[in-house]
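Protein sequences, first through last, are from chains Y and E.
The opening residue of the first sequence carries number 120 in the working numbering; numbering runs sequentially from there.
The opening residue of the second sequence carries number 957 in the working numbering; numbering runs sequentially from there.
Heads up, a few of these hints could be off.
FRET-style restraints, in silico, Cβ to Cβ [to be verified]:
| hint | chain 1 | residue 1 | chain 2 | residue 2 | range |
| --- | --- | --- | --- | --- | --- |
| 1 | Y | S150 | E | A989 | 39 to 45 Å |
| 2 | Y | D235 | E | P1032 | 34 to 40 Å |
| 3 | E | T1026 | Y | D190 | 46 to 52 Å |
| 4 | Y | M196 | E | G1029 | 21 to 27 Å |
| 5 | Y | A131 | E | E1041 | 33 to 39 Å |
| 6 | Y | P201 | E | P988 | 31 to 37 Å |
| 7 | Y | R165 | E | E1010 | 43 to 49 Å |
| 8 | Y | A131 | E | E1010 | 16 to 22 Å |
| 9 | E | G1019 | Y | P197 | 22 to 28 Å |
| 10 | Y | T166 | E | D972 | 38 to 44 Å |
Far from chain E, some chain Y residues (derived; all Cβ distances over 10 Å) [claimed, not checked]:
| hint | residue |
| --- | --- |
| 11 | T147 |
| 12 | L151 |
| 13 | M196 |
| 14 | P236 |
| 15 | R241 |
| 16 | T247 |
None of these hints come from the bench; they were simulated from the model.
Ideal placement from N, C-alpha and C gives every residue a C-beta, glycine not left out.
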Amino acid sequence: MHPAAAKALFDADVATLTPALGKRRGWTFHSLEFPLVDCSYTAPARTPLRLRLTCGDWNELPPEISLHNADGTLLTMPLTNPSGVFNGSPHPVANRQFICMRGSREYHTHPSHVGDPWESIRGHSSYTIGGILTQIWHAWLKGTG
Amino acid sequence: MNTEQSNERSDGHGPDSHFVEVSISTTAGFFPAEGFNRVPVNQKVEVELRKTMEALKIRDTAGWVASVITPTGKRPIDPAKTYAENGLSGELEIDWGPSEGGGG
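Put together the whole structure using the sequences plus the hints.
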């Protein structure tokens, strides 16, 4: 993917991730500068979760997604969450806990899921950058911590 | 004396009870872009969702969920039902987007 093309697609995707949307959903955007989306989820009585989506080859490849504490340090303790989206075991390539969900690079490169290619969902409305953020957010909302 | 106005106030069925004010948020934008649309309380929620899809050029909403945002959190609503059937009234902030992803 040519970097200029990836940046153009990225910029178009994040243009609607506005402060107004953040206010309504409890999202805080720390960065929306190519290739990084750095976003915290917040909710009453919850510990914020910060995600970094690195979208260098958007959208030829899905974003690499890492989980962080509110201060930006890498999250080392597994999340307490009933959803299967947050996988607390180390990813065989990234060697850290990861988002086990269609739309994350860690999912599509995991040996258990290489048969479920990103190409089959790329460009779908649910797999824009905002769509991926929304899916993870819905999973996070099911937790309590 | 305005009898009609008096009756509306006493029985709680003033003109505004027949309508809700709706703003729908998605990661593709808001519908309407600013403010709220006034729609009948007995209209199905899916009508405004369809308008949102068209206005924001969202191609596919299979598996998307609609929720109403309240001060205490989000509550899922059924788009196939009316606002009244969903127990909604007044000014509504509806969030719409893909549900929790599969994987695991």
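To see whether the hints hold, each was checked on the structure:
Between S150 of chain Y and A989 of chain E the Cβ separation comes to about 25 Å, which falls outside the hinted range of 39 to 45 Å. A hinted range of 34 to 40 Å is violated for the C-beta pair D235 of chain Y and P1032 of chain E, which are about 27 Å apart. At about 29 Å, the beta-carbon gap between T1026 of chain E and D190 of chain Y misses the expected band of 46 to 52 Å. Roughly 24 Å separates the CB atoms of M196 of chain Y and G1029 of chain E, a value that falls within the hinted 21 to 27 Å.
For the hinted restraint 33 to 39 Å between A131 of chain Y and E1041 of chain E, the CB-CB distance of approximately 37 Å keeps it satisfied. Remark: the range hint 31 to 37 Å for P201 of chain Y to P988 of chain E is upheld by a beta-carbon distance near 36 Å. Distance hint check for R165 of chain Y and E1010 of chain E: the Cβ-Cβ separation is about 35 Å, which falls outside the suggested range of 43 to 49 Å. For the pair A131 of chain Y and E1010 of chain E, the beta carbons lie near 19 Å from each other, so the given range of 16 to 22 Å is met.
Separated by about 27 Å at the C-beta atoms, G1019 of chain E and P197 of chain Y satisfy the suggested range of 22 to 28 Å. Our hint of 38 to 44 Å for T166 of chain Y and D972 of chain E holds, since their Cβ atoms are close to 40 Å apart. Even its closest Cβ contact with chain E, about 15 Å, leaves T147 of chain Y beyond 10 Å, as expected for a residue assigned away from the interface. Even its closest Cβ contact with chain E, about 12 Å, leaves L151 of chain Y beyond 10 Å, as expected for a residue assigned away from the interface.
M196 of chain Y, annotated as away from the interface, keeps every beta carbon of chain E farther than 10 Å; the closest lies near 19 Å. Distance to chain E confirms P236 of chain Y as a non-interface residue, since its nearest Cβ pair spans about 14 Å, more than 10 Å. Against chain E, the non-interface label of R241 of chain Y holds: every CB pair exceeds 10 Å, the least being about 13 Å. Here T247 of chain Y does not stay apart from chain E, with its beta-carbon only about 7 Å from theirs, under the 10 Å limit.
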